[in-house]
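Note that the protein sequences, when read in sequence, are chains S and U.
Read in order, the letters of the first sequence correspond to residues 561 to 890 in my numbering.
Read in order, the letters of the second sequence correspond to residues 758 to 1080 in my numbering.
It is worth saying that the hints were derived from the structure and are not from the lab.
Be careful, since some hints might not be right.
[What the hints assert, rightly or not] Here chain U is said to cover these stretches of chain S; the calculated rule only asks that three of the stretch's residues, wherever they fall, bring their Cβ under 8 Å from a Cβ of chain U: (1) 579 to 593; (2) 619 to 629; (3) 862 to 873.
[As the list claims (entries may be wrong)] Subject to a maximum C-alpha distance of 27 Å in a straight line, what follows is the list of computed DSSO-like cross-link-like pairs (lysine-lysine): (4) S/K756 to S/K814; (5) U/K1001 to S/K865; (6) U/K1001 to S/K599; (7) U/K1001 to U/K1022; (8) S/K761 to S/K814; (9) U/K978 to U/K1031; (10) U/K1061 to S/K865; (11) S/K761 to S/K739; (12) U/K983 to U/K764.
The C-beta atom is built at its ideal place from N, Cα and C for all residues, glycine as well.
As a plain string of letters, each chain reads:
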Amino acid sequence: MSGVPVRLAIRDAIAEEMRRDQDVFLMGEEVGRYNGAYKASQGLMDEFGAGRIIDTPITEYGFSGICVGAAFAGLRPIVEFMTFNFAMQAIDHIVNSAAKTLYMSGGEINCPIVFRGPNGAPRNVAAQHSQCFASWYAHCPGLKVVSPYTSFEASALLKAAIRDNNPVIFLEHESLYGKKFDMPDGGADSLLPLDKAIVMKEGSDITITAFSISVDHALCASEVLRNQYGISAEVINLISLRPIDKTTIVNSIKKTGRILSVEEGWSVCGIGAEIMAIAVEHAFDYLDCEPTRITSSDTPMPYAKTLELLALPSQSKIIETALAMCNCPK
Amino acid sequence: MSPGDMKRDSGLDIYRKLLLARMIEEKAGELYSQGHIYGFCHLYIGQEAVIVGLSENMTNIDSVVTGYRDHVHMLLRGIPPNSIMAELCGKVTGCSKGKGGSMHMYSRDKRVYGGNGIVGAQVPIGAGLAFAHKYRGDGGVSFTFYGDGAANQGQVYETFNMAALWNLPVVFVLENNRYGLGTSVDRAAAGGTLANRGDPFGIPTVLVDGMDVFDVIEKSKSVIEKVRNGEGPVILHMDTYRYKGHSMSDPATYRTRDEVETVKKTRDPITRVKNALIHEIGIGDDKIEEIMNEVTAIVDAAAKFAIESPAPPDHALEMDVTL
Ligand SMILES: Cc1ncc(C[n+]2csc(CCOP(=O)(O)OP(=O)(O)O)c2C)c(N)n1
Ligand SMILES: [Mg+2]
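Isolated chain S (complex conformation):
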């Protein structure tokens, strides 16, 4: 299929899983009658009814706990957070109830649940609505954390997440919902593993790791690096933030000798920090220059457009940093 927007891929993946398995249901604010705040559940209430597409009051803590309870009892809830900023109200149930119970119960009680919604920085919505939570969840044992870039990834990973028997954090991005990608006609059972990175573009001079919207910036930057500077960048789409696919990253560093991590999150204890640690722990002897990360500025997100641009990672920041790492004059 050509030109499928990410939001549609998500919608269709939910629908396919709900048709396949009666135990799957969707709960969240405005998911039903309103068809989703970002229209990722358009038409689902018409097909599945209010018993399986469930509108909630604005009570993240409560409905997340209710869904964890339902998952303990064997149902397979998909919890939509209008944005992940609001999941902070529910993080106790995500971490203390969903993530830890399998362990605490000695394997007795598992929690097959997906927490999904837009994460990261859309544009112009200021500090409380622009934040990447990848490293927050990646920190916690008991969770799986994935973040798709393309429509196919969104579909295949979401289906895999729904079928997984563990709690999965599924980080989407508002700026990607409308982006169209061609999708292979893989059929309803076309899944992707939740723990594997994807090499989007092979290269030999520098490895760039990214996830979600940052893959977009990295791919664009790699074009410029190749065409204007003759630098061959390997772009890795991390997909999984817990676990991080060390093998793919380390193999790439062994080839290129340089590692640049890009993310919208903050630098301190971020995903990039973990990538740097992986590089140093597992590929130290192969490094030709210091592992480097590009992150958002170490500040809350400003509202003013000009400041927001300064705060966020961008194609030009990637190019500039990659050139410096490769000792290439601008």
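Chain U with the ligands: place on chain S using the hints.
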């Protein structure tokens, strides 16, 4: 106070405030469509009588906190229109120096503590402001505004419990505009009403017509006095309505055009005062027009100021993270 009791000058003053509130928001909508304002922007149009009426009974030591629909609360606490409009446009001359935008406006001087983008979060914060008033014994009251959607948040009830337990001087102002984004109250609140939510905590609820500034002024006056005198928290249940979509990106298909038009026609807070001024006090059309011109000039000047103001300097990005 009924419209008939309204004194000429105070009536005109209230009319001017209502009109300014309305026209600031209309201008904000206009600047949004021109791209000067961006991101999330929630307009207060329709609900003006709530804050205009309450501010008649507030003092300078009182504190205010509200959600993201905050422009008009700022205005009525005395933050200049220029400063509000500049903040909306992300300019350094704005009340948050361009770093907060529509949802995040504050003034320590005027004791406005946001502007909060997280539904419900302002409610415990408001009780905290009340705690500080009581702790210091300064006689101030916290006005804590929240929506019908926010009213279902668990933290509201944790707050009710402590506010009642500790007898905090807080007026909880429930701005029930019938919808939390696209969800009507009957689809979000068990029992279909929010008027009894204070009952288990012994917090009295006073029902107020939030489209009628006179009702707001009159009903809140004695209530606020009681709270100020240490008789504990109160809920003012404002029956109100928002005319525009939830935010600039909401087409509002969950309600009928008819519903909106009926409210505008029968309950509009500004028309109500205008009619009272004309028919009961005998204010002439020329005076009404004079006020309109006056307010238009203020709003136009604010827009001009905002548009012409500079963006924050680049180094502002790293400022004010910690002290
Ligand atoms: C915790 C949280 N969940 C969801 C949202 C998204 N959201 C913003 S406003 C809103 C509706 C709130 O309605 P209400 O409290 O009635 O206030 P109103 O907008 O009507 O003034 C929602 C769901 C949010 N900002 N915070
Ligand atoms: Mg409301």
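The hints, checked one at a time:
1. With a cut-off of 8 Å between beta carbons, the segment 579 to 593 of chain S has 3 residues touching chain U; three or more are needed, and the interface restraint holds.
2. Residues of the segment 619 to 629 of chain S lying with their CB closer than 8 Å to a CB of chain U number 3, which satisfies the three-residue condition for coverage.
3. Residue count for the segment 862 to 873 of chain S with a Cβ under 8 Å from a Cβ of chain U: 8. That meets the three needed, and the coverage hint holds.
4. This hinted pair checks out: S/K756 and S/K814 have alpha carbons roughly 18 Å apart, not beyond 27 Å.
5. A C-alpha spacing of about 25 Å is found between U/K1001 and S/K865, which places the hinted pair at or below 27 Å, so the restraint holds.
6. Under the criterion of a C-alpha separation no larger than 27 Å, the hint pairing U/K1001 with S/K599 is consistent with the structure, at around 20 Å.
7. At most 27 Å may separate the alpha-carbon atoms for a hinted pair to count; U/K1001 and U/K1022 meet this at roughly 15 Å.
8. Proposed proximity of S/K761 and S/K814 is supported: the alpha carbons are some 16 Å apart, at most 27 Å.
9. Distance restraint check for U/K978 and U/K1031: the Cα-Cα separation of roughly 22 Å lies within the 27 Å cut-off, and the hinted pair is therefore satisfied.
10. A hinted pair counts as satisfied when its Cα atoms are at most 27 Å apart, and U/K1061 with S/K865 qualifies at roughly 19 Å.
11. For a cut-off of 27 Å, the pair hint linking S/K761 to S/K739 stands: about 19 Å separates their Cα positions.
12. In summary, the hint linking U/K983 to U/K764 is supported, as the alpha carbons are separated by about 25 Å, within the 27 Å threshold.
Consistency with the previously given hints is maintained throughout, with no hint failing.
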